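**Student:** Per the numbering used here, residue 1 is the first one in the sequence shown, and the count goes up by one each step.
If you're looking for bench data, these hints aren't it; they were derived computationally from the structure.
Quick caveat: nothing in here was measured; it's all calculated off a predicted structure.
Any given hint could turn out to be false.
Straight-line alpha carbon distances no greater than 25 Å define the calculated SDA-like cross-link-like pairs of lysine to any residue that follow [said to hold, decoys possible]:
| id | residue 1 | residue 2 |
| --- | --- | --- |
| 1 | K33 | R48 |
| 2 | K33 | H19 |
| 3 | K25 | R50 |
| 4 | K25 | R13 |
| 5 | K28 | M15 |
| 6 | K25 | L12 |
| 7 | K28 | R13 |
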Amino acid sequence: MLGSKGLSPTDLRGMTDGHLRVELKNAKEEVFKLRFQSATGQLAHNARLRAVRRDIARIYTVMRERDIGIRSVQEEVSQ
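Sequences are here, hints too, so could you generate the full structure?
**Tutor:** And the structure:
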């Protein structure tokens with residue numbers, strides 16, 4: 001798969017807050033590297049940049065769901 005690395009919303013909701021923060025940090029670093037490659041003309045697959053940005057949005061969405069109480073880690077574990 002060229003896009004995301006298996007970060008579906010279901011997978012993300014099963015992760016702990018700490019693991020989500022680690023994934024977010026890694027994704028942001030990857031976007032930085034991909035943007036640098038794009039600027040220098042070395043990026044082979046432009047779709048990868050878009051996919052990583054969407055992964056970041058998914059992570060932020062799951063984190064926000066937990067902040068406002070739509071879903072919690074306990075709900076996902078019990079289902």
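**Student:** All hints, please: hold or fail.
**Tutor:** Hint by hint, here is what the structure shows:
1. K33 - R48: Distance of about 11 Å is within 25 Å: holds.
2. K33 - H19: 21 Å, holds
3. K25 - R50: 16 Å, holds
4. K25 - R13: 17 Å, holds
5. K28 - M15: Judged against 25 Å, a Cα distance of about 18 Å means the pair holds.
6. K25 - L12: Roughly 14 Å separates the two Cα atoms, so the pair holds.
7. K28 - R13: 19 Å, holds
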